[in-house]
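Got chain H; can you put chain D on it based on the hints?
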Amino acid sequence: MSTKSVAKHQLALFDPAIIGAAALDALKKLAPHRLAANPVIFVTEVVAALVTFLWLRALFQGGADPSFSGQIALWLWFTVLFATFAEAVAEGRGKAQAATLRATRSDTVAKRLIDPKNAAQTSGAPIAGAVETVAALDLRAGDVVLVEAGDVIPSDGDIIEGVASVNESAITGESAPVIREAGGDRCAVTGGTTVLSDWIKVRITAQPGSTFIDRMIALVEGAERQKTPNELALSVLLAGLTLIFLIAVVTLWGLAAYSGAQVGVVVLVALLVTLIPTTIGGLLSAIGIAGMDRLVRFNVLATSGRAVEAAGDVDTLLLDKTGTITFGNRMASEFLPLPGVSAITLAEAALAASLGDDTPEGRSIVALAKADYGATAPDFGDVKPAIVPFAAQTRLSGVDIGDRSIRKGAVEALFRFIGLPSDQAPAEFRVGVERIGNSGGTPLAVADNGILLGLIHLKDVVKPGIRERFAALRAMGIKTVMITGDNPLTAASIASEAGVDDFLAEATPEDKLKLIRKEQTGGRLVAMCGDGTNDAPALAQADVGVAMQTGTQAAREAGNMVDLDSDPSKLIEVVEIGKQLLMTRGSLTTFSIANDVAKYFAILPALFVATYPELETLNVMHLASPQSAILSAVIFNAIIIVLLIPLALKGVAYRAVGAAALLRRNLLIYGLGGLIVPFIGIKAIDLFVAALHLA
Amino acid sequence: MTFTGWLQIGLILGLAALTARPLGFYMARVFSGESTLLSPVLAPIERGFYKLAGVAPEREQGWLAYTLAMLAFSAAGFVSLYAILRLQAFLPLNPQGFDGVPPDLAFNTAVSFLTNTNWQAYGGETTMSHFSQMAGLAVHNFLSAATGVALALAVTRAFARANAATLGNFWVDMTRATLYVLLPLSLVLALGFLASGVPQTLQGSVDTTTLEGARQTIALGPMASQEAIKQLGTNGGGFFNTNAAHPLENPNAFANILQIWSMLALSTALLVTFGVMVGDERQGWAFVQTVGILLVVGAGIVYWAESAGNPLLTTLGLDPAAGNMEGKEQRFGASMSALYAAVTTGLSCGAVNAMHDSLTPLGGLIPLFLIQLGEILPGGVGSGLYGLIVFAILSVFIAGLMVGRTPEFLGKKIESREIKLAMLAVLILPLAILGYSSVAAVLPSALASLANNGPHGLSEILYAYTSAAGNNGSAFAGLSANTPWYNVTTAIAMILGRFAYVVPVMAIAGAVAAKKKAQPSAGTFPTDGGLFVGLLIGVILIVGGLQYFPALALGPIVEHVLMLAGKTF
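Protein chains in written order, with my numbering: chain H, 1 to 695; chain D, 696 to 1264.
Since the hints were made in silico from the structure, they are not lab data.
For every residue, glycine included, the Cβ atom is placed at its ideal position computed from N, Cα and C.
Check each hint, because a few of them may be wrong.
Computed list of lysine-lysine pairs in DSS-like fashion (alpha-carbon distance at most 27 angstroms, straight line) [as the list claims (entries may be wrong)]:
hint : chain 1 : residue 1 : chain 2 : residue 2
1    : H       : Lys111    : H       : Lys29
2    : H       : Lys227    : D       : Lys746
3    : H       : Lys384    : H       : Lys683
4    : H       : Lys227    : H       : Lys95
5    : H       : Lys514    : D       : Lys746
6    : H       : Lys28     : H       : Lys227
7    : H       : Lys384    : H       : Lys370
8    : H       : Lys518    : D       : Lys1211
9    : H       : Lys28     : H       : Lys111
Pairwise CB distance ranges (calculated) [unchecked claim]:
hint : chain 1 : residue 1 : chain 2 : residue 2 : range
10   : D       : Ile988    : H       : Ile676    : 42 to 50 angstroms
11   : H       : Ile669    : D       : Val774    : 51 to 59 angstroms
12   : D       : Gly1012   : H       : Gln61     : 52 to 60 angstroms
13   : H       : Gly465    : D       : Gly1225   : 28 to 36 angstroms
14   : D       : Ile988    : H       : Phe688    : 37 to 45 angstroms
15   : D       : Gly1225   : H       : Phe688    : 36 to 44 angstroms
16   : H       : Ile669    : D       : Ile988    : 21 to 29 angstroms
17   : H       : Ala684    : D       : Val1134   : 38 to 46 angstroms
Chain H with its partners taken away, still in its complex shape (with noise of 0.2 angstroms):
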């Protein structure tokens, strides 16, 4: 088996290879013209310079205290530093993956056809001699390749001919093959996955360097990671905040000197970093290229960063019925035998007439037998039973036991075979048939020997687990929608039992594009996941479109993720990760604002207590003097970064509950968090400091 996926792999929160690599890139990263877009760091920089040039005047020129402004100058630069390294290391993870990526793509060859055009070249069996070697990175969109076992899929492509099994799990990091075949939801390949069995014809869809492998890496090494929309108001937020406190500080200098308070720039430096928002500022990135990162690891791939923040704002959620709500297939729930048939003889006959039936059906219909009837399979003595298989002219399977023929069907059907007219069928059949019907289920006719016995209700079960989600989806405020083919008798039945909000019966895809725009005009954010050809238009409609990786070429350009899973139940938690970002950015910019009051209380009694000495009365902490209150200051909010760098990169705890309750928890931990913890932590570091003599 396979491992050597890249989506899987999992490297640890802090992997040592990823933190050396970090380090390094984090002193790469001090470079001003790279610092310039975040302006709150920006300026840290800029003044951690000029504290730095007071530093060195003071030792040769011999000025005021050298070894306070050097370790001022000191930890200013650790707060960028710890800024850049925060980044960094929320960069790394998606390096080491884009390294892997790139090693699958590099030297692969194509086969590509020389005449295309040629239709005995491009439609049956590979020709030997019809074909030409090139490099898979000079294969332009229109070429047509031929990729035989063994080979790997130069590029993206749809297969114009042949099946294949391809291993995909160099995308997907699942190594059970999967089919792939001309026409239909199923052609279309990805560069980079490996054809295990057969040959198939591929049309290349993609330009050289677009590839989806292409595509992934540039994602997940964040290459062309631009600020999404949320982030740069955030940013501006934070620019505006240091402009803010920027004023405040310059103009310190007219009103201290008024006042006749020596203040030097090496302090206003101190207090102008604390105020600004540098914790925020410092883990914004991070946090942003965190969640993309929690996505991919979760195996889906999203298109932009902008993605994964609407994927935090979605109001309603299409989900597809099959395999999200219900397990794909229908399963036997219970037995309906005729007055004076016993259960268990109906059991009997039904696990007879299924013990040849492979289908998902025909097993489940033998386990309920067993397992809740505790029927046995009939003793044939030494009689060879013939299985008879279901048939698509007839509509039955069932065995034959010597002259004894037992079959379960459809009901009509075996009618027709007994040769019992539909309308003398008992009453108590009839109702039975009925009430199936009504909830949603199929029933399936049982007969021995020409004898009807009962009837067998087949339903699609919902998962285990599916409504207490959705519960939890509607206290966080989102609409589930399940969308299915079936009439919406069936549909209701299971949306009531599964607890969506709301349903689609016998949905074609423009019905979901029509309830995708609906949902909108009201105001509403919309989700969905699909694959075919006829989803694109919806997905390419919804807020969130979520394409599964087995789909086809258009699906997968249509929407802005793609699941590498083809698990369409992963919607759910595709909403939850993009809460998770939006929450943890926020809950961070509390703590870092709230910071502030603390800060305030350390640097204000020690800026001017010379000149006003009954101003040590507002030092509450009782910091040892005025400069290690200073320090203390500025190491607590250097520190401070790097203590919640694994809380950026893991992101805030998630809850599924309302948005008040959220709310209170989060303002809780991180507003009143924010406002106490500083006064702790510059008080303990002020001990140090005052320990150690540093100031």
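Here is chain D on its own, set in the frame of chain H:
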């Protein structure tokens, strides 16, 4: 502090909250163009106005057109007021024969009344003719308040509408605000003041012989009407230099209650109007609660500080039980002076019934800080509402993310454009207040105006620019503000505080109006409950107030600790 004192504070604030609902609903009807009780009388006048001015009332404006109309109207108002003040010697109704107002003072005064600040660098009764008071200043008392209401309405509509390109018609909003709200209310109020003994006459002054036998000239004039709109429109420019501490402006307890209530009435009611118009009255009440809590705390601290008195006076043998009565009127006492001080500064009114300069350091810190918060408690008529909305947007943005969604306020997504503009608006106040104070604190010509040195002097400078930029208009006194430096710089601060603030706010309104309105769900951060109120208070204090702490530490805070240590300035 006494129970009666607290009871008085509670009753007056309660009265304002009680009248907020009917007034708020009334204004919602007026500005939605629905007919009201007064329509039969006023509607024909209103239509006549539009015909005369060539305004098509049904034609609405986008945010830019609305803002430009407001700016053009204000520019015209400035020019006419400046001309009246400069030329008052040649204009009628000048019984005392005052000269024209000097250029820098006229500039300052014109800007001051235009911006609803009513900072008075002059003594009204000794500088302004009746014509200047009535045709100049009083007119702007109406118009600047109406402008504020109009702007607030435009912002309100932005949140009430979805996918909208327009915010209403400035001329219509102005006309309705004046005709349906300010004029009728001030008429009633003026009668109330008359009844409580405030004079209303066109006579210049009377000469009397006092009890001591000295001759005294007592200025008179159209005070009751001036008083009504001064309070109602949160203008605050008194007829007398001593403002509402003067026995003719504010003769007794009844007048004082009426004064405080009338300051609060419209600004509070507009919060309810906002709620009603955006379809969630609770939102309006959440704002009222926010304001109420901060005002009670503010008034409480002033009350406490003033009741605690000044230890320096106690050592001189004064009875500490009286508290600090310096600069206060006996007929109001500490509690009513404290409430007046908190309300007038929370409100951008600026009328005073006690001298803020004479408050204890902490008692003086509160008015200063309340203005610095941005005049949002509940702020000037109209301007308070849109100021609160800016903070609501910031609160929702900062904390709203914590619920895991792109922040929304009333169904409108708050994105980078709104944040950019909101931060731009929020930047204006610290820039004007701290920037000018810092320069004035080192500029010798500015320092020459100070009556006190030390931290108290700094507080005086800080208060002057705070009051100007906050469009409050109250003075800490002690500062001779009628100098070219202060006249020009405070005028610029007033312009920044009014127009540089409101233009980005209107741009926010334009952006918000164009957005679709998302339906609230259990996943939406509820902005009409107690949690939001607490959050809003936190953000107002931290984002709106924290930047002033270094300055305050050097002013009132240091003065307080020094007072406790026995030093005075």
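Hints, verified against the model:
no.	hint	in the structure
1	H/Lys111 <-> H/Lys29	43 angstroms, violated
2	H/Lys227 <-> D/Lys746	52 angstroms, violated
3	H/Lys384 <-> H/Lys683	88 angstroms, violated
4	H/Lys227 <-> H/Lys95	19 angstroms, holds
5	H/Lys514 <-> D/Lys746	48 angstroms, violated
6	H/Lys28 <-> H/Lys227	20 angstroms, holds
7	H/Lys384 <-> H/Lys370	22 angstroms, holds
8	H/Lys518 <-> D/Lys1211	13 angstroms, holds
9	H/Lys28 <-> H/Lys111	43 angstroms, violated
10	D/Ile988 <-> H/Ile676: 42 to 50 angstroms	22 angstroms, violated
11	H/Ile669 <-> D/Val774: 51 to 59 angstroms	56 angstroms, holds
12	D/Gly1012 <-> H/Gln61: 52 to 60 angstroms	57 angstroms, holds
13	H/Gly465 <-> D/Gly1225: 28 to 36 angstroms	35 angstroms, holds
14	D/Ile988 <-> H/Phe688: 37 to 45 angstroms	40 angstroms, holds
15	D/Gly1225 <-> H/Phe688: 36 to 44 angstroms	41 angstroms, holds
16	H/Ile669 <-> D/Ile988: 21 to 29 angstroms	23 angstroms, holds
17	H/Ala684 <-> D/Val1134: 38 to 46 angstroms	40 angstroms, holds
Checked against the numbered hints given earlier, the structure breaks hints 1, 2, 3, 5, 9, 10 and satisfies all the rest.
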